[in-house]
Amino acid sequence: MIKKNMILLLLIPIFIFLSCFILPVYSTELDEATRTVVFDSSSKTITLTPEQVKRGKRLFNNSCAQCHNGGITKTNPNIGLELESLSLATPARDNVINLIDYIKDPKSYDGQNSIAELHPSIKSAEIFPKMRNLTDEDLLSMAGYILLQPRIAQEKWGGGKIYY
Numbered sequence: 007m008i009k010k011n012m013i014l015l016l017l018i019p020i021f022i023f024l025s026c027f028i029l030p031v032y033s034t035e036l037d038e039a040t041r042t043v044v045f046d047s048s049s050k051t052i053t054l055t056p057e058q059v060k061r062g063k064r065l066f067n068n069s070c071a072q073c074h075n076g077g078i079t080k081t082n083p084n085i086g087l088e089l090e091s092l093s094l095a096t097p098a099r100d101n102v103i104n105l106i107d108y109i110k111d112p113k114s115y116d117g118q119n120s121i122a123e124l125h126p127s128i129k130s131a132e133i134f135p136k137m138r139n140l141t142d143e144d145l146l147s148m149a150g151y152i153l154l155q156p157r158i159a160q161e162k163w164g165g166g167k168i169y170y
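7 is the number of the first residue of the sequence shown in this note's numbering; add one for each residue after it.
By construction, these hints were calculated from the structure, which means they are not laboratory data.
The following label-pair restraints were derived from C-beta to C-beta distances:
id, residue 1, residue 2, range
1, K60, P83, 26 to 32 Å
2, D107, N68, 18 to 24 Å
3, Q118, K60, 31 to 37 Å
4, E38, R64, 20 to 26 Å
5, T55, I121, 29 to 35 Å
6, R157, E132, 34 to 40 Å
7, S114, E35, 35 to 41 Å
Below, in silico cross-link-like pairs of lysine-lysine (DSS-like), each with a Cα-Cα straight-line distance of 30 Å or less:
id, residue 1, residue 2
8, K113, K50
9, K60, K110
10, K162, K110
11, K129, K60
12, K110, K136
13, K129, K80
14, K162, K136
15, K50, K110
16, K50, K60
17, K129, K113
18, K80, K60
19, K162, K50
20, K80, K110
21, K129, K110
22, K80, K162
23, K113, K60
24, K136, K60
25, K113, K136
26, K80, K113
27, K80, K136
28, K113, K162
Just so it is clear, CB atoms sit at the ideal spot from N, CA and C, and this is done for glycine as well.
Please construct the entire structure, taking both the sequences and the accompanying hints into account.
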């Protein structure tokens with residue numbers, strides 16, 4: 007019995023060490039380089055504050071993660087939220103401004119047709135009430151969060167390609 011207690015006492019500090027220093031990075035621990043994302047199509051950048059990253063994560067999880075958990079797209083697994091898919095869209099959605107435009111008024115991947123009645127957006131807030139109270143600052147935080155996730159989750163973000 008004493009041996010079990012000693013082992014347990016030894017494991018507790020190891021667990022505390024792992025949970026404090028080794029486990030996932032939180033937005034307050036992200037350096038400036040990680041929090042810097044492309045702002046517009048001219049490659050201007052913006053550095054998100056740790057608060058914007060936290061807010062973006064919370065808003066994304068509340069408004070988008072039902073269909074885009076982990077950066078995938080449940081309705082089309084071949085088009086995720088990883089930078090490659092975002093950059094190949096028309097217009098490219100690999101920057102904050104174009105992602106905000108998409109969240110306000112979504113278009114098909116080729117940019118030809120409005121999908122506002124199918125995809126939650128500010129334009130269709132009467133159909134998708136979660137979008138109703140999002141401000142431009144909220145949209146900036148969400149777009150920034152989406153764009154920095156490939157640096158944090160790397161290959162896990164977007165789920166990779168699944169070809170049928």
